[in-house]
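From first to last, the protein sequence lines are chains A and B.
Its first residue numbered 14, the first sequence is counted upward by one per residue in my numbering.
Its first residue numbered 45, the second sequence is counted upward by one per residue in my numbering.
Hints were generated in silico from the structure; no laboratory data involved.
You may find that some hints are simply not true.
[Unchecked claim] Only some residues are given here: those of chain B computed to face chain A with a beta carbon under 8 Å: (1) Arg215; (2) Gly360; (3) Pro364; (4) Pro432; (5) Arg611; (6) Glu613; (7) Val615.
[Claimed, not checked] Take a look, some chain A residues computed to stay more than 12 Å from chain B by CB distance: (8) Thr25; (9) Glu39; (10) Val63; (11) Arg140; (12) Asp145; (13) Ala175; (14) Leu183; (15) Arg205; (16) Ala212.
Don't be surprised by glycine CBs; every beta carbon is placed ideally from N, CA and C.
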Amino acid sequence: MSEITNILVVGTGGQGVMTATEILAEAAIAFGHDVKKTEVAGMAQRGGVVSSHLRFGPRVLSPQITPGTADVLLGFEAAEGMRWRHMLRPDGLALMNTGRLVPPVVDLGLYDYPDDPVAEVRAAGTRVFSFDASSIANELGDIRLGNTVMLGAIADHLPFSAEVLEQCILKRFASKKPELIELNRRAFAAGRAAAAQAAQAA
Amino acid sequence: MAAVTPVPAQSRLLMSGNEAVSRAVWESGVRVAAGYPGTPATEMLEVISTYPDIYAEWSVNEKVSLEVAFGAAMAGSRAFCAMKHVGMNVASDALMTMTLTGVAGGLVIAVADDVGLSSSQNEQDSRYWGRFAHVPVLEPSDSQEAYDFTLAAFELSERFQVPVILRLTTRICHVKGVVVVGQRSERPVAGFTKDVARWVMVPGAAGLRLPLMFERENRLRAEAEISRLNVVETGSDRRVGFVTSGPAYMHVRESFPDAPVLKLGFSCPLPFDLVRRFASECDQLVVVEEVEPLIEIEIKAQGIAVSGKDILPRSGELSPNVLKPAIARLLGEPLPDVVTVAPMKVFPRPPTMCVACPHLGVYYTLAQLRNVTISGDIGCYTLGFGQPWNALDACISMGASMGMALGLDKGRADSEKDRKIVAVIGDSTFLHMGMQGLLDIVYNRGNVTVLLLDNRAVGMTGGQNNPGTGRGIHGEEAPRIDFSRLVKALGVREERVHVVDPYELPTLFKTLRQESKIDEPSVIITNQPCVLVEDYRARKPFKVAEELCTGCGNCVDIGCPAIHVTRREKVIKPSGKEVELNFVRIESAACTGCGLCLQPCAPDAIVPVEMLAMPIHVVKKS
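Same shape as in the complex, but just chain B:
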C-alpha cells in the first residue's frame, strides 16, 4: 500500500473506493480513525494509517472502534470508523445510543456491505441501520463519489451533530476508477464540553433526547429534499423512471441511457417530495437497489406505485444483463439480444490454505480425531471444513465457536454422552469476541477443548496486526498479549493450558486426544506464525525421491498445495482389497520446508532438495 500523501491537489488518480474514502478522510481534517479488518472494508484503515496527522488504530473489534471514534467526536475532533457489514452488527449497541447524544466533531461510519458474498458469512443491507438508528445514510456509486460523499458526510455530520453512515459495497470498495483529489484542511478542535444531560444516557436523560432525535430526522429529510447528492437526470424515454442508489445507478445508466433517473446519494431519510415530483414525470417507477427493498417499501408507504424486487432479484449484485431483460418483460417488449454463451465446464478452484500454513498440521490432526464435533470460527481456518480434512462442523459469526461449543456440550443427546466437543478459533477472532465465550465455558463448567490458533496475524484479510502480534497498525512495537496467561486468568486451570508447535504432529495429536477426554475446559494454543507475515521464516525446501515413493498418499492428506499427485495406480493388496496408490511430487519452488509432510510419509521418501535422494528423518526443528 503506497502512501499517497505527496500527491498534490487536483491530481487525477486511479483509486479504489476504499482509497478514495481514505483520501477524503485525511482531507477532511480527521484526527482519529479506527477499525477492525474485514473484507471489503480492510484497506480503508490500512491506507489511512499511511497518512500523517491522523491517529489510526486497529481496534480489537468493531464496537470498540466505533466507541473510540465516538469518544474523539465527543472531544470535538472529526473521527472516522470503518467496518464490514457484519461488524456493524457488533458495533450497533453503541450506535443505537450515540444517535441520542449526537456528536460534537463530525463522525462518519463507513460500512461495507459484501453484496454477492465474495468473502462473508452472510449478505445483509446496512442501510437498515440508518432507519433503525435514525441517522443519515449516504450511498456513493463509484470511487469519485466515494471521495466526494465522504467530504459531504463530515459536513452533514457536524451541521446536524449526527453520526453519518457511508454505505459502501464490495463493488465500491474494490473498484478502481479515476478520482480528482484535493488537500487536507486542518480544523480547530473545540474540546470536550461537560454536559451530563447530553453525554450520560440514563433513562431520564435519554427520554428527553428522543424527541430531539425525531426532530433532527425531520430536518435531515428536508435536507435530503434539496441535497446536491440527490440528482434527477431527465430522459426522453419516460415509460419507466428509475429510482436508484449506490453502484446500481451505474448499471441503470448503462442499460437505459434515455430513461429518467432519480439517483439517491442521500437515501435516508428518504426525500418523499422529490420522489413524488419525479414519479409525476414518468409513466411508472422502478426502484433498483442492492440488497433489501428499503427505498421501495418507503415509497410504497407514501402511496406511490413502484416496481422493484417483484421484477428484480432478491439477493446478489445487479448488472445490465439482469436489468435489461427484467425491464423488457415489465414493458411487454421482446427480450433484448443478450449473448448467452454457457460457461465451459472446469473444475472448481476453492480457496486453499497456503503452502506450509501452520493450520495444516492442526486440521490434519483434527481429521484423525474420532467421535468429535468441531465448532469453528471466522478466519482462514474456516477452510478446515473442506477437503481433505472435513474437520470443521459449524461456523456462523466472530467468536461464536466458544458459545456454540458450550451449547453443543450442554445440549448433547443422551446417545452422544462420550462425544468430544472441540472449538477452533484464531488469535484475532479470540480477542475480537471469543474471550467472553471462553469465560462463559469456564464459568458454567463446560466440557470443551479449545484450540486457539495463534498465528500472530489477522490472516484472512492480509495479515494485519492485533494485540497478539506485539505490533500496532504502523508496524511499531506495541504491548503483546500473552494468550497462555490470558486464558488462565479467565479461569482455565494451569494444567489444562498447553502451548504446542502445530508442526509437531505427534505432540499435537497426543495433547488433543488427552485434553478432549478430560471432562473440563482446556485450551491448546498453537504458536507458529502465518506464512504471509514477516515473523515467518522459510526453511529449505523438500522434494520427493521418486524411487522411494510408494504411493501411500499419506502426505496428500496434509492438504498442502505444493504436493501434487503425478500418477495414480490401482493395486490389489494380498488381502484382496483394491487400493489406489498416489505417487507424488513436491513443487519445491513453492515449498518452504515446514516438514509436515515428512511426518506421515511411510517410506521416508521426502528429502531436502540439496541432498539428492538421501533419505533422512528431519522432524525436529530449532
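Bound-form chain A, shown alone:
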C-alpha cells in the first residue's frame, strides 16, 4: 500500500454504509492518521446506490478515490460490489457480502439481477473474499448487525489492528444496552471469521 490507504465501502441506502465508514474513519484517526471520508449518495435514503470513500494517511488531499486505486472494496450487497469493482487497483481486494437486495426496477422486469456477482467479479480478475453477512446477522438475531459483520470482515485487511476498530464500534453502544455490546462483539468476530474462512477458500 502507498502512503495513503483507500477504502471504498458500497451498498444501498439504509444498509449502514455511511456509519460503517465513519467508524473506520474514527479508527484511522485513533491511529493518528489524517482522514477524509466522502459519499456519493444521491438521494440514498430512497434505496439508491451508496458509495462511501475513505482515505487516510499522513496527509489526505482529494477526498475522492480515483478509479483503479482503491486498496479494499467492502461490498454490503452483492451487485453493488460488482458495480464498483473498477474502483479497485489491479491487486486490490474485494470483500463481498453475497446477500442481495433486489430493487423495484428488477421486480418490474425492466432489468435483470446478475446471476452470480461474486463469480463475475472474480472472473474479471479481482481477488474476492465472499461470505453471507446478511445471514450471519440474521442468525445473530438482527439484520442491523450486518454492518458490524462487514467491519469484522475488513478488520484484518487494514494497516492497523482489528482491536482498535472493534473498540470504535463498541464505543458507539456504550451508552445503550449492554446486550448490544455483546451482540456487536459477536457480529464483529463472526465477520472476521467469515472473511478468514473465505480467504482460505479463495
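Given chain A's structure and the hints, the job is docking chain B onto it.
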C-alpha cells in the same frame, strides 16, 4: 445528529463541512440562524439547532430565512443563514438590496452548490451572486477551512459592514475530515440604530448608497490582496501555475505536488495584483474552478493569459483523473498512466419511494387517470415520474407546479380542450412557494386540480419540521397550519376542498376523477404522514399466501419496494392473447402494513403475517 457542544476547545473532531461551519457559527457568537432544508445544506441548521445560546429556525423559504438573518444583523447581532444553491435564487431579491444597506452585526450566508447534481434540479455557480451583489465570497476547500473561513467571514462582515457569502459545494458539506475546534465567545449587541437613510431603501436613499457599495468593493479587493485566505504555494515545476479555489484546490495539489499554486480562499473581489505577481513567476497559468469560468474570465479581462474551461470540463466535479490528462495534453506530454477499467454492467438502482409511503397510493391512482397532464414539484413525490407510475410530466423549481398548471390550462391546444390538468405538490413546498401559485390559479379562474400531499415533513431532506407539522426546529410544539382552511382562505370553494386518506384507493380515485372533471380549481389534500417521521405508526405486516397468488401482478403496480416478483410465467389466455404472470412475495420484515397492495389484489392472496393462509379483506383502518 449528536450535539457537539460539550466538546472542549482544541479537540480534534471528525466533522463534515456542514458540522464545521455550524461549530464556527456557534463559536462566533451568532445569536440568530435561519434556513430552509435543501441538500447539501440541510445539516447546518440541524446541527446549529443542537447548540445552546443560538436562536435557530426553519424558515418557510430561503428568502424569509435571509430576511430574518438580516433583521438580526440590523439589530446588531451576528446572524447566519444557510441554503442550497437554488435557494439563493429565491433569496436573491433580499440580497440585492441588503448589499446597499450593509449590516451592523456580522451576517454570513452559506450557499451550498450541488456540483455534480447529487440531489438537485440544476447545477449553478453561486459565486455569481458575489459579483452581482458586490459582496465578498469565501471558498473553503475542506472541513478545517470551512470552520476557519466561517470565523473569518464574520470578522470580514463586521469590519466592512457587508453580508459575506460562504460558498460551499457538496464535496465540502458532506466530506468529513479532521477539524481542531475552539470555544464560543459572546459578543455584546449594540441594538438597532434608527437611520432611515440607511435602512429604508427608497430610490433617493438607495442612489446615495450605490457609490458607497462600489467604494466598499474597492476596499474589499485591497483586503483580498493581503488576506491570509489567499495563499501562494511556490513550486519547483513552474511550467504551469495553477489558480484555484474550493475543493478543486485539493485535486490540483494532489495531482501536481511540485507546481506553484495560487489558492484563492477569498476569491471575490478577485485580487488582481496578487494574480499578476503569481503569473509572472510561472510559464503559463491554468485556472481550476468548479463550475463556471468566473475567476478565469476576470483574469482574462485583466489582460493576463490563462487556460481554464478550454481544457477542462464545463460542468460537474473535477478530480485528479480529470486534471492530469488535461494538463499533460496542454504540455504536449504523453498521457499519464491512468488505470482505466471499465465499470461492470449492473442494473441501475434509482431512488425509490419508501415501503408504505403514502405517495404510493397517490401515484397508483394518478397512473389510472387518462387524458391528463400532471404538473409536478420538488420533493420525494417527484419520483412519481418513474416506474411503475409514469405519472408526473414536469418539474422545474419549488412551487412551480401551480403556475405551470395554470399555464398548461390557459395555453392548451384546441385539440386538448378536454385534457385534465393536475398539479402535485407537497406540504412544505406548498408553504415555501406554492401558496402564491394557487392564489394565482384561483384569482385567474384556472381549471386545475391540485393534489396537496400533506405528509407532515420535508421528506426528501430527512423529515424536517415546517409550519405544517406543528413542531419547531427543536421538535417543540409550534402553531400548525390548517391546509384545508388555508386553501379556502385563498379562495378555493368549500365544496372543492377534500381531505382524503391516500391509503383509501377507491375514495382517492373517485375524488380525483370527480374534481378533475369540474371546470374550476379544486384541492385534494392527502393526510397521512411520511413513514420516516415520528408521527408514523407502523401496522402489522402482510405476506402473500403463495397458494392463492394468481400472478395478476396488480400489486406490483403500487411500486412498493417490499413487493418482489418471485417467478414470471407466460400464459395464453382463452382469447389467444399472451400475458405475463408475475407471482410475488412480500418482504414481511420490511412491510409496515399500510394495506395498499391488498386493494388491487384480485384473489385476496395478501394476508396478515400471523394469520397463516387465511384470506381476509382488510381495507378499513381506524
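Now for the hints, and whether the structure bears them out:
For B/Arg215, the interface hint holds, since its Cβ comes within 8 Å of a Cβ in chain A; the closest pair sits about 7 Å apart. Violation of the interface hint for B/Gly360 is found here, the shortest Cβ-Cβ separation to chain A being roughly 12 Å, above the 8 Å cut-off. Using the Cβ-Cβ criterion of 8 Å, the hint placing B/Pro364 at the interface with chain A is satisfied: the shortest such distance is roughly 5 Å. Interface restraint check for B/Pro432: the shortest CB-CB distance to chain A comes to about 6 Å, inside 8 Å, so the restraint holds.
The interface hint given for B/Arg611 is violated, since its Cβ lies 12 Å from the closest Cβ of chain A, which is over the 8 Å cut-off. Here the hint on B/Glu613 is broken, as its CB sits about 12 Å from the closest CB of chain A, past 8 Å. Below 8 Å, beta-carbon pairs count as interface contacts, and B/Val615 has none with chain A, the closest being about 15 Å; its hint is therefore violated. Taking the minimum C-beta to C-beta distance to chain B, about 6 Å, the non-interface status of A/Thr25 is violated against the 12 Å cut.
With a least CB separation of 6 Å from chain B, A/Glu39 falls inside the 12 Å interface cut-off, contrary to its annotation. Against chain B, the non-interface label of A/Val63 is violated: not every CB pair exceeds 12 Å, the least being about 10 Å. At roughly 14 Å, the least C-beta separation between A/Arg140 and chain B is larger than 12 Å, which holds for a residue marked as non-interface. In this structure A/Asp145 is separated from chain B by more than 12 Å, as the shortest Cβ-Cβ distance comes to about 16 Å.
Separation of A/Ala175 from chain B is adequate, the least Cβ-Cβ distance of about 20 Å exceeding the 12 Å criterion. Interface exclusion of A/Leu183 from chain B stands, the closest Cβ pair being 17 Å apart, more than 12 Å. Even its closest Cβ contact with chain B, about 24 Å, leaves A/Arg205 beyond 12 Å, as expected for a residue assigned away from the interface. At the 12 Å boundary, the C-beta of A/Ala212 stays outside the reach of chain B, the nearest C-beta of that chain being 23 Å off.
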